[in-house]
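Protein chains: 2
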Amino acid sequence: MGDRPTLAVVGVTGAVGSVALQFLSQHADVWGEIRLLDAAPDDAGGELVVRGEVTPVLPLTGAAFDGVDVALFLVSDRLSAQWAPVAVERGAVVVDRSAVFRLDPDVPLVVPELNPEAVRARPRSIVASPGCATLSMIVAMGALDRAFGLRELVVSSYQAASAVDGPDGADQGGVFALREQLSLVAGTDLGTRPGDVRRAVGDATGPFPAPLALNVVPWTGPLQGQRDGWSAEELAIRAETRKVLGRPDLRIVATCVQVPVITAHSMSVHACFEQEVTVERAHEVLATSPGVVLFDNPGAGEFPTPADVVGTDPTWVGRVRRAPDDPRALELFICGDDLRKGGALNAVQIAEAVAAELS
Amino acid sequence: MGDRPTLAVVGVTGAVGSVALQFLSQHADVWGEIRLLDAAPDDAGGELVVRGEVTPVLPLTGAAFDGVDVALFLVSDRLSAQWAPVAVERGAVVVDRSAVFRLDPDVPLVVPELNPEAVRARPRSIVASPGCATLSMIVAMGALDRAFGLRELVVSSYQAASAVDGPDGADQGGVFALREQLSLVAGTDLGTRPGDVRRAVGDATGPFPAPLALNVVPWTGPLQGQRDGWSAEELAIRAETRKVLGRPDLRIVATCVQVPVITAHSMSVHACFEQEVTVERAHEVLATSPGVVLFDNPGAGEFPTPADVVGTDPTWVGRVRRAPDDPRALELFICGDDLRKGGALNAVQIAEAVAAELS
Numbered sequence: 001m002g003d004r005p006t007l008a009v010v011g012v013t014g015a016v017g018s019v020a021l022q023f024l025s026q027h028a029d030v031w032g033e034i035r036l037l038d039a040a041p042d043d044a045g046g047e048l049v050v051r052g053e054v055t056p057v058l059p060l061t062g063a064a065f066d067g068v069d070v071a072l073f074l075v076s077d078r079l080s081a082q083w084a085p086v087a088v089e090r091g092a093v094v095v096d097r098s099a100v101f102r103l104d105p106d107v108p109l110v111v112p113e114l115n116p117e118a119v120r121a122r123p124r125s126i127v128a129s130p131g132c133a134t135l136s137m138i139v140a141m142g143a144l145d146r147a148f149g150l151r152e153l154v155v156s157s158y159q160a161a162s163a164v165d166g167p168d169g170a171d172q173g174g175v176f177a178l179r180e181q182l183s184l185v186a187g188t189d190l191g192t193r194p195g196d197v198r199r200a201v202g203d204a205t206g207p208f209p210a211p212l213a214l215n216v217v218p219w220t221g222p223l224q225g226q227r228d229g230w231s232a233e234e235l236a237i238r239a240e241t242r243k244v245l246g247r248p249d250l251r252i253v254a255t256c257v258q259v260p261v262i263t264a265h266s267m268s269v270h271a272c273f274e275q276e277v278t279v280e281r282a283h284e285v286l287a288t289s290p291g292v293v294l295f296d297n298p299g300a301g302e303f304p305t306p307a308d309v310v311g312t313d314p315t316w317v318g319r320v321r322r323a324p325d326d327p328r329a330l331e332l333f334i335c336g337d338d339l340r341k342g343g344a345l346n347a348v349q350i351a352e353a354v355a356a357e358l359s
Numbered sequence: 001m002g003d004r005p006t007l008a009v010v011g012v013t014g015a016v017g018s019v020a021l022q023f024l025s026q027h028a029d030v031w032g033e034i035r036l037l038d039a040a041p042d043d044a045g046g047e048l049v050v051r052g053e054v055t056p057v058l059p060l061t062g063a064a065f066d067g068v069d070v071a072l073f074l075v076s077d078r079l080s081a082q083w084a085p086v087a088v089e090r091g092a093v094v095v096d097r098s099a100v101f102r103l104d105p106d107v108p109l110v111v112p113e114l115n116p117e118a119v120r121a122r123p124r125s126i127v128a129s130p131g132c133a134t135l136s137m138i139v140a141m142g143a144l145d146r147a148f149g150l151r152e153l154v155v156s157s158y159q160a161a162s163a164v165d166g167p168d169g170a171d172q173g174g175v176f177a178l179r180e181q182l183s184l185v186a187g188t189d190l191g192t193r194p195g196d197v198r199r200a201v202g203d204a205t206g207p208f209p210a211p212l213a214l215n216v217v218p219w220t221g222p223l224q225g226q227r228d229g230w231s232a233e234e235l236a237i238r239a240e241t242r243k244v245l246g247r248p249d250l251r252i253v254a255t256c257v258q259v260p261v262i263t264a265h266s267m268s269v270h271a272c273f274e275q276e277v278t279v280e281r282a283h284e285v286l287a288t289s290p291g292v293v294l295f296d297n298p299g300a301g302e303f304p305t306p307a308d309v310v311g312t313d314p315t316w317v318g319r320v321r322r323a324p325d326d327p328r329a330l331e332l333f334i335c336g337d338d339l340r341k342g343g344a345l346n347a348v349q350i351a352e353a354v355a356a357e358l359s
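Those protein sequence lines, which keep their order, are chains P and Z. Numbering follows full-length UniProt numbering, with no gaps: position 194 of the first sequence is 194. Numbering follows full-length UniProt numbering, with no gaps: position 331 of the second sequence is 331.
Keep in mind that the hints are not guaranteed to be accurate.
Unchecked claim - Over 10 Å on every C-beta distance to chain Z, these chain P residues come out as not near it, computed from the model:
(1) D29
(2) S76
(3) E89
(4) R90
As the list claims (entries may be wrong) - Simulated restraints, written as ranges between beta carbons of each label pair:
(5) P327(P) / E274(Z): 19 to 27 Å
(6) G246(Z) / R198(P): 33 to 41 Å
(7) D228(P) / R90(Z): 51 to 59 Å
(8) T61(Z) / D203(P): 48 to 56 Å
(9) R227(Z) / D228(P): 33 to 41 Å
(10) G169(Z) / R198(P): 26 to 34 Å
(11) G149(Z) / D249(P): 20 to 28 Å
(12) E274(P) / Q275(Z): 20 to 28 Å
(13) R247(Z) / E180(P): 41 to 49 Å
Because the hints were derived from the structure by calculation, they are not lab data. For clarity, every value in this text was computed on a predicted model and none was experimentally measured. Each residue gets a CB set at the ideal place from its N, CA and C atoms; glycine is no exception.
Okay, chain P solo, but in the shape it has when bound:
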């Protein structure tokens, strides 16, 4: 026990935090003490169960990081920006899930299935985890990149509400808003006349820029950070994918669209490779890649959907097709749980990789 590193989990009361505690309870146990920290004043002072032990939730303070080897941050950009440097100053390696440090050249951006060795070079003692949209497809695309050499990606997303905070920053605010909207439209004949859904939803749009029930909304995330018409999240998918794959010149564009799904993101991906590919070879690569499940037999009803993959860990890949007029291009449809691999799981995996390297 004494040799094993101490982990602090920062942000344990949100949806991602509670999933993280599940993983820490289920995975091979590499940790000595696990210390639970939270900034939400209602919850600090409470207790949560991790590894079967009732564990106090302590308030987020500088002293709370004393003796901590690895600090896993599962909080907002604002809290990460404020507290990650404090944890580093107190001697911890920070594993951060927020967007704050992802593109910092002195911070590695890690997906353990693809670039686990990157955790070692961390001049700021911070390791970052990509955003949920990038994570929903990158394990599969990284596997195909290794096999065939990616040249270009065109991505259109079908993103769930669970990745969206409330307008006031409330955890899972997107889910609450979508559920309220679904109750307003169920049992009606809405969706057939101009503006009828918008009128029925009224000011219950929540964090979304338009009604989401009976609709799809081609803008995700805040207006801040947009550039030349691209949303910050579309630009982030581009920059994060390039960084994780170590391909700073990869051609990649994304269109991010919110859909009325509670949890699990989907991506329609057009991928061009350096060399010719076949569906059979792509199937072989995907079927043997860690963290990926190939589920591709439409005739038997086998293709991934968010409602089917929610609550599971892998990246699910189906609808693999080769472009009829381009033997170097594939189309794929990919689904992954944005709270698990897209949220808590990748960050926990990074923390475990840091622990292995510390001991």
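For chain P, the structure is supplied; the task is to place chain Z on it using the hints.
Here is chain Z on its own, set in the frame of chain P:
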């Protein structure tokens, strides 16, 4: 009156048929007699209002086409295959909305904003209208093709339920199934655990191969006609777009995805052109193209969504962006009502173009 051509509308009791009667009542009146025909025994013998006049609905027989100049078919593939040749034999020009004749080399496939002149060359006396998925984006893409020369299209769709018949072929069966599913999931906490939506929806999937409420389903249309993993609808978008644009070598791939929206299809489009494009030039072209509305100012909440465009006639285009690493590529998000331009409107426009050319 005597000089004006006689129109028969075949299939007047379905959703597309009733929208067609609205257009025939609102557009400049080019018709002499408008004869209403229907194969559904319950409805034949009834009456419907067109151009403000109560008009009998006659049963579909060979004799019903006597004296008809233009026969507008808004029925299933099966009925079109059976009855279109009968109407031609009786002397009518058939305008057909079904999939039966679309790719016949002796049948022009027409989008009046793009290739109205094609109605003239009709060796079989049949003119076809494209499918709703193709029609939801082709007016905009055709305008950009003329301006910049299309080289390649990558399309991911977000398709509404209203284009989907019931498992028994019932008109609007997709809408009924989606509404039932929405009632089953509203007010629940479904969508967070593996398979919970599938269990709740049970056998209420209707015509869809998986639950559609709280989900997206990466397969549209029947299993028949699939090839190398491509659905028949994905192949149809490819073939129809090439034929309408007169570009048999256009590189085009589509991924068709069903979303829980009642009416109006959306498309995320990646378009590569022969020459450099800018967002400003694309805006100019789109803003001045007939049948297209440019709606592109995300900072002001302006982007098309299906719930906002339902019940309107044009093709709505927003989210126009230039690829950062390809000055010849644009991304766009396009919405259109699958029952209007995607269904009745294009067919009525074709019939009107034939009428103009007959008189």
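Hint check results:
Distance check for D29(P) against chain Z: the nearest CB is about 25 Å away, which clears 10 Å, and the non-interface claim stands. With 10 Å as the threshold on Cβ separation, the claim that S76(P) sits away from chain Z holds: the shortest Cβ distance comes to roughly 22 Å. E89(P), annotated as away from the interface, keeps every beta carbon of chain Z farther than 10 Å; the closest lies near 37 Å. Distance check for R90(P) against chain Z: the nearest CB is about 36 Å away, which clears 10 Å, and the non-interface claim stands.
A hinted range of 19 to 27 Å for the beta carbons of P327(P) and E274(Z) is consistent with their spacing of about 22 Å. Distance hint check for G246(Z) and R198(P): the Cβ-Cβ separation is about 39 Å, which falls inside the suggested range of 33 to 41 Å. Between D228(P) and R90(Z) the Cβ separation comes to about 57 Å, which falls inside the hinted range of 51 to 59 Å. For T61(Z) paired with D203(P), a C-beta distance near 55 Å keeps the hint of 48 to 56 Å intact.
For the pair R227(Z) and D228(P), the beta carbons lie near 38 Å from each other, so the given range of 33 to 41 Å is met. Roughly 33 Å separates the CB atoms of G169(Z) and R198(P), a value that falls within the hinted 26 to 34 Å. Distance hint check: the CB atoms of G149(Z) and D249(P) are about 26 Å apart, consistent with the given range 20 to 28 Å. Hint check: E274(P) to Q275(Z), Cβ distance near 26 Å, so the stated range 20 to 28 Å holds.
Range check, R247(Z) to E180(P): about 47 Å between beta-carbon atoms, so the 41 to 49 Å window is met.
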